[in-house]
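Peer 1: As a plain string of letters, each chain reads:
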Amino acid sequence: MSENEMNSEQPIVSLKDVHKSFGDLEVLKGISFDVKKGEVICIIGPSGSGKSTLIRCINALNDINSGSIKVHGREVHDPKLDKLELRKKVGMVFQQFNLFPHKTALENVMMAPVLVLKQNKEEVRKRAEDLIRKVRLQGKEDSYPGELSGGQQQRVAIARSLAMNPDVMLFDEVTSALDPETVKEVLVTIKELAQEGMTCILVTHEMGFAKEVADHIYFTDNGVIVEHGPPSTFFTESSDPRTREFLSQIL
Amino acid sequence: MLGSFSQFFLDLYESNPKWNFIYFYDPKQADRVLEGLWTTLELSVVCVIFSVVIGVAGAWLQTLPNRLVRMVVQGYIQFFRNTPPLIQLMFFYFALGQFTPTYSPDGWLEIPIISNVGWAIISLSFFAGAFNVEIFRAGIEAIPESTKEASESLGFSRLQTYRYIVLPLAFRVSLPALNNNLVNLVKTTTQALVIAVPELLYQMVSIYNDYSTSMNACMLLLFVVYIVLVGILVFGMQRWERAMNIPGYGS
Ligand SMILES: Nc1ncnc2c1ncn2[C@@H]1O[C@H](COP(=O)(O)OP(=O)(O)OP(=O)(O)O)[C@@H](O)[C@H]1O
Ligand SMILES: [Mg+2]
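Each protein sequence line maps, in turn, to chains L and F.
Position 244 of the first sequence, counting from 1, maps to 244 under this note's numbering, and the rest follow consecutively.
This note's numbering runs 1000 ahead of the 1-based position in the second sequence.
No false leads were slipped in.
List of simulated lysine-lysine pairs, DSS-like, C-alpha gap at most 25 Å:
| hint | chain 1 | residue 1 | chain 2 | residue 2 |
| --- | --- | --- | --- | --- |
| 1 | F | 1148 | L | 140 |
| 2 | L | 121 | F | 1148 |
| 3 | F | 1148 | L | 118 |
| 4 | F | 1148 | L | 80 |
| 5 | F | 1148 | L | 89 |
| 6 | L | 83 | F | 1148 |
| 7 | L | 103 | F | 1148 |
I should point out that these hints are in silico values taken from the structure, not numbers from a laboratory.
For reference, chain F alone in the conformation it holds in the complex (with noise of 0.2 Å):
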């Protein structure tokens, strides 16, 4: 006997045949979207860290006075700022995935030891941390040469000066651009289609492609979903945002 809840949404169904709210009630299809909602959710979590840690090295290397790291650094966002990302995701996928190494696990079976999550995880980390160089970048050039005049003055090392006044207001300075780039990585994981990473968008389309009647429910909870993962991210990144304010400072 199916539960009440169920019942409503294959009620539902019958007498509406546009709105077949399938994954309310058959548990075959619920767990696809399970699935997709906890591989867009690890999709999401693993690339903003990532991300986030290649802006705050490559904005550190492009601080270096080596003009060779610097025109690399510089190479490397230009190349993932001004190409599209679904052409990254199938370049990563289609073309270096020929060359990467596999492994056996049955003498038989040749996977490679890079997988398909595993590429869009570093192609969407690469894509949005070039884009986290510049946000970086910006706001430690947004430190007035004075305010680091005042600390060597003081005595402060570079290194001091980095650490205690550069930093912590240059991050400052960054979190609303950070945000903004955070807020478009998670919406691009959904690109991840493209190189069949069971996502949430590639199982939705799945399962309205194997029951056509349910595709205006699949992209309503696509919508919901997002609406609620994206508002969840801005939540957080707001009241960090606050917690970090300084009485006086900025805006």
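Looking at chain L on its own, in the form it has when it is part of the complex (with noise of 0.2 Å):
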């Protein structure tokens, strides 16, 4: 076997055994997964199962008590981690779309390569209008966030993290806030991307869309993984009472 084949092989995002607490809640009580290059997994759930709280844990918004996350094979909670670094190979986008709210689409999209990256500024303008464009917001670069809807705010966030050029892209929730027109649009831009091989973890509500473009999903309660497997077997075989009334309330 090749070196190459061999990492392809090597996960790029790896929890083993995460441990969480706020205070005296413990919110993940020993969480483990695997995503490797290229994998779309789905993390579903209760609310306040700890669901965000794992996804933050994971490009370090939130620390963890115990266990290992690791990126690309570097421990993310290592105190001498360089988070740039950690940010610069994960991205984010929120439920809320977190814009700047003071800068254009452009400009929101243009910011952080400026100035985190020290990227030449032109370049990353026509980047960003790339980025813009396969969002579909052309014609809107120059709008402001305030200007623009729901969903075409959430595309502008999503676009603003792959401006960084990621290797996994994190999704928390990112079509609650919208309304039900809207899911559409930013739905067909995750799947998109997925389809092109990015590598994505997602915490989503949206079923059919899960069982679409997910590799594997995993159902958490109580800041545990309660089950997991692939759509194909998870909607229909799952046998966890828990899955099974969560899943009989929100399909």
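Dock chain to chain to rebuild the complex, using the hints, since each chain is given by itself in its own frame.
Peer 2: Shown next, in the form of structure tokens:
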């Protein structure tokens, strides 16, 4: 086996027995999973089960109490880790978009590559314009976030993350704050990304979407992974009563 | 010979002894008005600038982890916000003034290195500055944690997040409150009268003490000048607010 093939088998993101507490409240009680390059995984589960916490731990927005999270084989919660290096590799999209309201759509996309990666502004501009086109927002380059619909803002947020050329994208319920009509346009954008081979970790309540794009689905409840499997079997053959109850409520 | 303008007010005074616009026909009194006006302008502009600088610096100090620093800033705010500015002026000039070193240009006179105008600037700047610290701090706190997290997850350093995201937004949030406080400051400069700063109120009081028939005319001038002066300030601040306005953000 060549070295290349071996590397492609190595997971991009690897969690082992991750524990996380807020004060006395233990939110993650031993979470483990691997995500390989190009894989799309969906995390589903009831509100408060720790999905956001889990995803935020992966790019070190939250710290962990014990266990290990590795991105490209490097421990995320090593105090010596250069957070900038981590954030170059891991993009994140939030439920509330969190665009910079005083910057236009194009500026939102350009800011990090120019300020953080110190790339040439004109080159970044070209790339940012391409990304805006990719998320189908041509013509909206000079609009401010406040002038865009929720779905449009979320697509700018996706483009903003992609501008850093990440290896993994994290999506935390990115359609939950949207009107039903605009949910689809955001899901289409994410689906295209997934099809292009972007490694994605998604927290979502959109079961139809999860079924369609996910390679693997994880169901979390109460800080543990209750059940997981590929969508072909997950929705039909899951056996745990908690999973069944959750699926019956949401489907 | 007097010009027709001056003659008009001289005639007015003769027919209506309560309306002695003495500063319109007596060049000596006109000079006093101009000197007062100039001092008021100088005091206002310098105090506005210093108080804003104090506000920005104090708000920044309050974000530091050092508890002692924050307590000192809190103490400063409490002192200047909860005591009357008139007493502050008197305290600075009469109490602290006794301890300031003096110099002697001719080996005979003893002149304190801080004049009464100097003390008025210090006292009034710290007075308005205390409010400005609170105003800017409120602006900084109004920026949602999630916006800062978005910039953090794009790889911005803490300082970059502050410089490019938090401060530009916080400043816009602060402008209306800052506007009010600066209006208050300009009006409060009249209290420098008690330490004999030759600003407009001081000059007008001196004039009508010398010529009691001019009291109505002096009062009228004071009102007109302050309406115009504060009007210009408010107009400028509102223009600035509009220039900084972001489409679709706030309001
Ligand atoms: N910063 C925090 N401090 C204290 N408790 C927190 C914090 N963040 C989350 N929690 C708690 O941790 C638990 C898990 O929260 P989390 O946001 O991860 O859930 P979730 O699965 O994403 O829920 P939802 O589907 O509603 O988004 C909740 O009980 C929440 O109250
Ligand atoms: Mg959540």
